[in-house]
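Chains as they are written, first to last, in the working numbering: chain A, 1 to 162; chain B, 163 to 325.
In short, the hints are calculated from the structure, not lab data. For clarity, every value in this text was computed on a predicted model and none was experimentally measured.
These stretches of chain B come out as covered by chain A in the derived footprint (C-beta under 8 angstroms, 3 or more residues):
1. 246-253
2. 281-293
Listed next, the in silico DSBU-like pairs over lysine-lysine satisfying Cα-Cα at most 30 angstroms (straight line):
3. A:Lys148 to B:Lys257
4. B:Lys251 to A:Lys158
5. B:Lys254 to A:Lys152
Note that the Cβ used here is the ideal one computed from N, Cα and C, for glycine as well.
For reference, the chains in residue letters:
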Amino acid sequence: MEGLISKIKSKFGAEILKKEKNQIWMKINNKDLINICNFLKENGFDFFSCLSAIDILENNIIELVYHLWSQEKKTILNIKTEISREKPEINSISKIYTASQIHEREIHELFGVNFLGNSDLSELFLEDWSGPAPFLKDFDWREYVREKFYNKENENEKGYYN
Amino acid sequence: MENILLQTKNLLKLKDSSSKTLEKTNNHRKKLKKLVKSIWVFNWFNSCGFTEVLPVVGSRWDMERFGLIPVSSPRQADCLIIAGYQTIKSIKVAKLIYEQMPAPKVVVSLGSCPVSGGMYWDSYNTIKKLSDYLPVDLNIPGCPPRPEAIFDGIHRLIQKVNS
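Could you put the whole structure together from the sequences, leaning on the hints where they help?
In structure tokens:
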């Protein structure tokens with residue numbers, strides 16, 4: 001395991017953030033993602049567990065975390081990478097890990113991240129959605145709901161406008 | 163022998179019973195008449211609704227004694243029970259189910275979510291009032307409604323159908 005980590009470090013310039021018994025956190029450049037995933041899949045990390053996204057408004061970035069699991073090494077690898085909020089684009093890893101397709105579709109729907117090369121990024125839960133991506137922190141959902149569902153003139157719904 | 167004596171005594175009691183007990187039996191008969199027609203129910207439960215209504219189906223409260231039977235196809239159903247919030251995606255399915263049901267049909271909504279949105283009043287993906295989308299005949303409020311409330315609602319429904 002130590003050999004693999006030092007290899008990733010020297011080959012791709014990854015930064016190891018934290019190490020625990022069965023978990024490793026690392027940070028990479030978003031351009032290296034495909035190469036790193038290819039390399040890791042060949043070296044035992046063949047199970048794509050989950051993809052999460054964090055909207056960090058202060059730094060103007062969206063952080064993506066790829067969770068990869070290795071059954072033979074009994075280790076979970078959390079790969080963090082950052083993309084800009086203005087142009088949220090990243091290469092899709094669905095060709096390497098097929099299971100990531102639906103995760104990317106969900107993140108695309110909720111955070112508006114565009115995954116280049118994903119085969120299907122259509123709506124998953126939000127049918128007929130017209131607003132901005134709902135999980136972004138600058139989305140004012142209450143304002144959206146007032147506009148879409150309620151009427152200020154209605155006597156019963158006045159309470160929602162306080 | 164003693165048993166038979168007791169029974170005859172009871173029968174005699176019934177015979178010279180007052181008008182009050184007669185009324186009671188009449189009412190009971192009327193109620194039974196109402197229950198002759200059984201209501202076949204199609205459940206469209208989207209959220210916590212079904213887990214809360216489950217005791218009504220089970221033996222503790224047993225909805226079959228009121229003639230309510232859950233059916234597996236909307237084409238056999240008289241009554242559509244919608245419980246819990248509906249999302250914009252699922253209300254389309256609910257409409258489809260409603261259209262598939264044969265003509266004398268009733269829609270019952272359970273819980274506070276279909277009435278006003280409930281605790282999801284500011285959610286961006288749930289509909290707020292079910293009556294905007296489907297003709298609701300009966301709202302049974304509560305979060306969740308008690309089984310007694312559901313039976314009370316069903317009783318009102320039967321009264322409405324009879325009148």
